[in-house]
Amino acid sequence: MLLPTFRRQLLGIALLLPVLATAQTATPPQPEVPAPQWYLLDPTADGVMGVSAKRTYQELLKNRVSTPVVVAVIDAGIDTAHVDLKRVLWANPREIAGNGQDDDKNGYVDDVRGWNFLGSADGRNVDVDTYEDTRLLARLKPLYEGKVRTAIPAAKRAEYDLYQKVKRSQADKIAENTQQYQSLNESYTQSKSMADNLREILSVPRLDTATLRRLQPTDPNLQRAVQGLDANLRAAGYADLESVVTDMKEGMDQSKNLLDYSLNPKFNPRATIIGDDPTNTTDRLYGNRDTHGPDPGHGTHVAGIIGADRTNNAGILGLADNVRLMAVRAVPNGDERDKDVANAIRYAVDNGASIINMSFGKYYSPQREAVDAAIQYAEKKGVLLVHSAGNEGQDIDTNVEYPSPVYLSGKRVPNMITVGAAARLNDNHLVADFSNYGKKNVDVFAPGHQIYSTLPGQQYGNKSGTSMASPVVAGMAAVLKSYFPKLTATDLKRIILQSAVVYHTKVVKPGTNLEVDFAELSNTGGLVNLYQAVQLAASQNP
Numbered sequence: 001m002l003l004p005t006f007r008r009q010l011l012g013i014a015l016l017l018p019v020l021a022t023a024q025t026a027t028p029p030q031p032e033v034p035a036p037q038w039y040l041l042d043p044t045a046d047g048v049m050g051v052s053a054k055r056t057y058q059e060l061l062k063n064r065v066s067t068p069v070v071v072a073v074i075d076a077g078i079d080t081a082h083v084d085l086k087r088v089l090w091a092n093p094r095e096i097a098g099n100g101q102d103d104d105k106n107g108y109v110d111d112v113r114g115w116n117f118l119g120s121a122d123g124r125n126v127d128v129d130t131y132e133d134t135r136l137l138a139r140l141k142p143l144y145e146g147k148v149r150t151a152i153p154a155a156k157r158a159e160y161d162l163y164q165k166v167k168r169s170q171a172d173k174i175a176e177n178t179q180q181y182q183s184l185n186e187s188y189t190q191s192k193s194m195a196d197n198l199r200e201i202l203s204v205p206r207l208d209t210a211t212l213r214r215l216q217p218t219d220p221n222l223q224r225a226v227q228g229l230d231a232n233l234r235a236a237g238y239a240d241l242e243s244v245v246t247d248m249k250e251g252m253d254q255s256k257n258l259l260d261y262s263l264n265p266k267f268n269p270r271a272t273i274i275g276d277d278p279t280n281t282t283d284r285l286y287g288n289r290d291t292h293g294p295d296p297g298h299g300t301h302v303a304g305i306i307g308a309d310r311t312n313n314a315g316i317l318g319l320a321d322n323v324r325l326m327a328v329r330a331v332p333n334g335d336e337r338d339k340d341v342a343n344a345i346r347y348a349v350d351n352g353a354s355i356i357n358m359s360f361g362k363y364y365s366p367q368r369e370a371v372d373a374a375i376q377y378a379e380k381k382g383v384l385l386v387h388s389a390g391n392e393g394q395d396i397d398t399n400v401e402y403p404s405p406v407y408l409s410g411k412r413v414p415n416m417i418t419v420g421a422a423a424r425l426n427d428n429h430l431v432a433d434f435s436n437y438g439k440k441n442v443d444v445f446a447p448g449h450q451i452y453s454t455l456p457g458q459q460y461g462n463k464s465g466t467s468m469a470s471p472v473v474a475g476m477a478a479v480l481k482s483y484f485p486k487l488t489a490t491d492l493k494r495i496i497l498q499s500a501v502v503y504h505t506k507v508v509k510p511g512t513n514l515e516v517d518f519a520e521l522s523n524t525g526g527l528v529n530l531y532q533a534v535q536l537a538a539s540q541n542p
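Residue numbering for the sequence shown follows my numbering, starting at 1 and increasing by one per position.
Just to be clear, a hint being listed does not mean it is correct.
Taking lysine-lysine pairs in the PhoX-like style, the calculated list, with each CA pair at most 25 Å apart, reads [unchecked claim]:
| # | residue 1 | residue 2 |
| --- | --- | --- |
| 1 | 141 | 411 |
| 2 | 506 | 440 |
| 3 | 173 | 249 |
| 4 | 165 | 192 |
| 5 | 105 | 141 |
| 6 | 156 | 141 |
| 7 | 411 | 362 |
| 8 | 147 | 192 |
| 9 | 411 | 167 |
Just so you know, these hints were derived from the structure itself, not from any lab. All figures in this text were calculated on a predicted structure; none of them were measured in a lab.
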């Protein structure tokens, strides 16, 4: 979840420093798409690889009737006070807010907006947690440290091999984040000072691309610096220099937190805050009602992509226009626990979600059986799961990311869509450089680079990741379900995949310098398109 940010930061630094050194009703009338929301636009009409949402509402849905659809956002929390989200939040109709009672008798007291599986009964919350391989290392190190494989009983050698694997991955991550922290710390200090000086020299409050293009300094060196900064910001996908510096600071802090907490085998906030047994997946009645949490930035951004208010003339437009967003907090800064994921899926299903967005993932799943069982439960109840493919630039056909689109039995999950991230232009960088891919295990690609959406505290901003591509697809599924309510979960998946537009653009394969056919990186070979999906749904469900 953090790697796209790091790569964007490092790219921004590399481009920036040399420049600075030189100096339920019928569809209502639809509002205009805010300029930063390129992902809602149309590839043909607008020249960007959006999903044609604006065109869909204008041409295909303007006289159709919609019904509300509940979409659960399993994430780190949502800012429920955001002006672009508060009207579209799910409300539990069987629960009385704030009375301290379990009115609907579902085992969760005051779950008015959803539930928090990372909280304690006394109101505390887990914010940062360890990675799954860090937890495995903490468990396995006392058993196998200093031992050789030949001395290990045959029945335990697979576990010994797992220990060696997580030990290596842990060492690699520590080395990588130590280097990143040192580089970002140095670059942040230098860049912030340079940015402050440049604003003072140019007498402008903000160094955004629009301002830079208007400036005409008389000094030729300064003019070259302004032009170069404008070009480099645009090439890196940034609207302003301040965002670059902010991202550096965020990346520096993230690297430090990873070293101190997520990569620290001795760190165990779960024990002191929740006090449960994370391996006991039959335990479901824990947590609290705080669906905001200590750091709802990621979940707030995801929620806005799906369903930010399209009627209030403020901020942005969500993809879905008749949606109710259920907040289910289960994803810390670090790796989610299998127990929490399984319980979050079950909670969402039991409380009426038709679609569940899951913008998270990891590469080890010790209690995978419990997650598989929860996914099967969602399958039986007709709930669609939309899952991000991951951000490590890897082939997840060979390096599986969890939750997996294939059950332990080998059967493919019929109600799950796995989504890779695409960028704005149809060129050799159409696939975001961080995105995972896989001819078998990635279903489709969706916009996921420089996606503009809601942020806590009435803010808005860009984030990149398959975490952003997944809610694009979840939002599309909500539109289809809203306007064609008879569609089942498997219908939604089929329509979204069949309507994806196949491109044979030569693209840089993530994690390499090789160019491959875009169509070879997922099983559909396509990029999702709402216009095509609604047309297909309408032809089959007039």
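**Hints violated by the structure (numbers, ascending)** = The structure conflicts with hints 1, 4, 5, 8 and 9, although it agrees with all the remaining ones.
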